[in-house]
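**Student:** Residue strings, one per chain:
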Amino acid sequence: MTTTIEQMFQTSSEELISGSEAIALACALADVDVITAYPIRPYDTVMQYVSKLKADGAFDCDFIVAESEHTQFEIVKHASSVGARTFSGSSGVGWFYAFEAITVTAGLRMPVVAMVGNRALDDPGAFGVEHNDALAVRDLGWMLYWVATAQEALDMALLAWRIAEDPEVLLPFALSCDGSFLTHSQAIVQVPAIEQVKRFLPPYDRGKLQLHPDNPITVAPQVNEDWLMEIRRQSDAAMRRSVGIIKKAYEEFKQEFGRGDPSPFIDEFMTEDAEIIIVGMGTLALPARVAVRRLREEGKKVGFLRVKFFRPFATDEIREALSKCKAVCVIDRDYSYGSPSFGGVLFSELRATMYNQENRPWMLNFIAGLGGREIRVREINEIVDTTQKAIDDGKVEQETTWIGVRE
Amino acid sequence: MTTVQELPQIRGVKNIPLIEGFTSGHRTCQGCESALVMRLMIKAAGPRTIVLGSTGCMYVANTTYYSTPWVVPWMHTQLGSSGSAATGTAAGLASMMRKGKMTKEPINVIAFCGDGGGADMGLSAISAALQHDEYNLLILMYDNESYANTDIQVSGSTPWGANTTFSPPGKLHRIMNRRWKKNTAPMLAVGHPNVRYVATADGSYGLDFTNKIRRALTIGGPTFIHSIDPCPKGWDFDPKYSHELGMLVVETGLWVQYEIIDGELTLNGPSRAIARGIRKRKPVREYLERQGRFAHMTDEDLKVFQDRVDESWEKWWMPGVIPITQKDE
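Quick note, the sequences are listed as chains L and U, same order.
Using the working numbering, you'd call the opening residue of the first sequence number 969 and step up by one each time.
Using the working numbering, you'd call the opening residue of the second sequence number 114 and step up by one each time.
Incorrect hints may have been included.
[Claimed, not checked] Below 30 Å or equal to it, Euclidean Cα-Cα: the simulated DSBU-like pairs (lysine-lysine) are: (1) K1292(L) - K1222(L); (2) K416(U) - K393(U); (3) K1215(L) - K1166(L); (4) K295(U) - K127(U); (5) K1222(L) - K214(U); (6) K284(U) - K416(U); (7) K284(U) - K217(U); (8) K1176(L) - K217(U); (9) K346(U) - K440(U); (10) K1166(L) - K395(U); (11) K1176(L) - K214(U); (12) K346(U) - K1022(L); (13) K294(U) - K393(U); (14) K1166(L) - K214(U); (15) K294(U) - K416(U); (16) K217(U) - K1020(L); (17) K212(U) - K295(U); (18) K1292(L) - K1269(L); (19) K428(U) - K416(U); (20) K284(U) - K295(U); (21) K127(U) - K428(U); (22) K1269(L) - K1363(L); (23) K212(U) - K1022(L); (24) K214(U) - K1216(L); (25) K428(U) - K440(U); (26) K217(U) - K1166(L); (27) K1022(L) - K217(U); (28) K1268(L) - K1166(L); (29) K346(U) - K294(U); (30) K1020(L) - K212(U); (31) K212(U) - K1176(L); (32) K1215(L) - K214(U); (33) K214(U) - K1020(L); (34) K1294(L) - K1363(L); (35) K1215(L) - K1294(L); (36) K428(U) - K393(U).
[Stated by the list, open to error] Restraint ranges, calculated between C-beta atoms of paired labels, are given here: (37) Q118(U) - L1177(L): 38 to 46 Å; (38) E1375(L) - K212(U): 53 to 61 Å; (39) K212(U) - K1294(L): 36 to 44 Å.
Note that these hints are calculated values from the structure, not bench results.
Even for Gly, the Cβ is constructed at its ideal location relative to N, Cα and C.
Work out the full structure, taking the sequences as your base and the hints as a guide.
**Tutor:** Written as structure tokens, this is what we have:
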């Protein structure tokens, strides 16, 4: 006896599932048409769940196990061109193997949704989380979101198709999930009823851009210097429009499902009167919140801001949130060798965001948790102490500090 | 598996459809046989077809923004992606039709690639595509024996000794390309026994070419055709001889025309006559000497070439097709 996703989720229910399983369920709830897989840890757990759902008859999709990540992403790109809803994913160097396909997916304005199970880039080999894999698409026209919990993974997957497939946007969407901490860790997740999902998520309609004999268009002919700049500008305009669509879709989501943060772009914790704000992305939020709560008990005015959308970057929200405090400590689970101050990617973006502000806080960068090394409360305390010292001294002695590294 | 279109075999060249799917608007060179291959391909396939084109001449020279020659829906795909483009398009259509999201009808899916995109970079994706029995698709590799779009560089499909910009004859090394041309179609046929149709083709034999396209599209499942396309620019000859060279390559036995249907091999046209001993192979020299890319070759080089061709007809397990001999026990 097969149980379809409709039968499984006639009503909403609570499930103990991992982040990967949450996204697999979202694929079934969203009735995705074409899904492509290729094995690499840690993202591939999502595909193990998808293949089981398909094998058990829970939902109908074309599940294709490709012979490489490049093919994986080319297949969903082309399936998307004929109007199919698509899902794929990868991790670490697998994501990089697909990079040509990933690049053109954005250029072609295909609303592919991909999960990146963040993983350190080889060499040397390491399975643990680092954010450099997903960050590599930041300049290409992919929307890029960092998930913190399994619940958020499911919710944002549904939102990802809603936003990416919006005719005003039509850009691919990468859901970035910390390897192991999110992909493999179970948590209680509210899984919505299928009817709620159907109400929230309209079918993907590619309209006059759909490749079909009834609509014999030519897609992606050579343009060269004649037209390329205008086409780049169109993608830029789509990314700008996505900001409004994200806000709209997030409000609709909150109305339908009854949960969500005040802002879709950032997640603020005790930042209201904070003198020091810790900034980070992904599952770092959990130890960061614990640390902030304890420091508050000691009377220290500390808050935490989680950047959710890396693209589009929440310039206005972040400016407003950070210009009220005295110092910002940015925790990067990534690196950018040779970048300004030899810092991380998030740090550079945030410092650039704040540059033209009247009230500029001190900005310090901390590289931590690379290769899946845990970021503990004690490391966060150390970061806050260093930041406090900058406030007290009235200057930043060292802009970038590596935390928890054996020297 | 979704159903296929009814595309009957065409009897006589006068019955080739007049409808054009590949029209004006392209910028291919005079005498470009690959352009002819595109034109014949879409004539055979008809209007209910989606064509995917990987990077190469038939992308860059054909499709310029605002002047596409394609009357059918056409989309660019990456250099090594003809296999994945065909799979993705066919999968998208199949999934949506099965789930009632799109009107059910058989739509031909054809992805083309050059020899660089097929025999070199895209081989792995083509191999993967050929494993998917559930999708109807055709991959057409138009082989002009070099990376002809980027200035004529040697590919895995370039003949031994040919002068290209990456294998120019020099003062020390007269023969820079020491690789023998890759035997792509048989490699794919032998390696994917589930594939129902693999063929070689040649635009100089237009009727045969269109019928092969039709057979590939109507047999069901993934299929592969490898065509040999004389290239005036890359091979260095007067464009008016394209058609003649397309015939000479077969008549010298250098290119073998055949179809492999459900594992059964049939030689076509002059290749069949040669195999049966009805027709004698012309000396390879007659073909090579017509092209500037072989102008640096000495008599000794020409003999090396001729010997290899003789060997393929006399010693191979399947003459001209499969380079394996059975050891006498």
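**Student:** Next, verify each hint and record whether it holds.
**Tutor:** Tested hints:
1. K1292(L) - K1222(L): Answer holds: K1292(L) to K1222(L) is near 28 Å, not above 30 Å.
2. K416(U) - K393(U): Given pair K416(U), K393(U) holds - Cα atoms ~18 Å apart, limit 30 Å.
3. K1215(L) - K1166(L): holds, 20 Å
4. K295(U) - K127(U): violated, 35 Å
5. K1222(L) - K214(U): holds, 28 Å
6. K284(U) - K416(U): holds, 21 Å
7. K284(U) - K217(U): violated, 63 Å
8. K1176(L) - K217(U): Status holds; Cα separation ~19 Å.
9. K346(U) - K440(U): Between K346(U) and K440(U) the Cα gap is close to 43 Å, so the pair fails against 30 Å, i.e. violated.
10. K1166(L) - K395(U): violated, 68 Å
11. K1176(L) - K214(U): At roughly 16 Å apart (the allowed maximum being 30 Å), K214(U) and K1176(L) satisfy the hint.
12. K346(U) - K1022(L): violated, 51 Å
13. K294(U) - K393(U): holds, 23 Å
14. K1166(L) - K214(U): The given pair, whose Cα atoms are some 15 Å apart, holds under the 30 Å limit.
15. K294(U) - K416(U): Distance ~17 Å between K294(U) and K416(U) Cα, so the pair holds.
16. K217(U) - K1020(L): holds, 28 Å
17. K212(U) - K295(U): violated, 41 Å
18. K1292(L) - K1269(L): With a Cα-Cα distance of about 12 Å, the restraint between K1292(L) and K1269(L) holds, given a limit of 30 Å.
19. K428(U) - K416(U): Satisfied, since the Cα-Cα distance of roughly 17 Å is no more than 30 Å.
20. K284(U) - K295(U): Holds. K284(U) to K295(U) sits at ~27 Å (cutoff 30 Å).
21. K127(U) - K428(U): violated, 40 Å
22. K1269(L) - K1363(L): holds, 19 Å
23. K212(U) - K1022(L): Holds, at roughly 14 Å.
24. K214(U) - K1216(L): holds, 26 Å
25. K428(U) - K440(U): holds, 11 Å
26. K217(U) - K1166(L): Satisfied, since the Cα-Cα distance of roughly 23 Å is no more than 30 Å.
27. K1022(L) - K217(U): Roughly 22 Å between the alpha carbons, so the hint for K1022(L) and K217(U) holds.
28. K1268(L) - K1166(L): violated, 46 Å
29. K346(U) - K294(U): holds, 19 Å
30. K1020(L) - K212(U): holds, 19 Å
31. K212(U) - K1176(L): Judged against 30 Å, a Cα distance of about 21 Å means the pair holds.
32. K1215(L) - K214(U): holds, 29 Å
33. K214(U) - K1020(L): At roughly 24 Å apart (the allowed maximum being 30 Å), K1020(L) and K214(U) satisfy the hint.
34. K1294(L) - K1363(L): The hint holds at about 12 Å.
35. K1215(L) - K1294(L): Satisfied, since the Cα-Cα distance of roughly 29 Å is no more than 30 Å.
36. K428(U) - K393(U): Cα-Cα ~17 Å, so holds.
37. Q118(U) - L1177(L): 38 to 46 Å: At 25 Å between Cβs, range violated.
38. E1375(L) - K212(U): 53 to 61 Å: holds, 58 Å
39. K212(U) - K1294(L): 36 to 44 Å: violated, 56 Å
Of the numbered hints given earlier, the model fails hints 4, 7, 9, 10, 12, 17, 21, 28, 37 and 39; all others are met.
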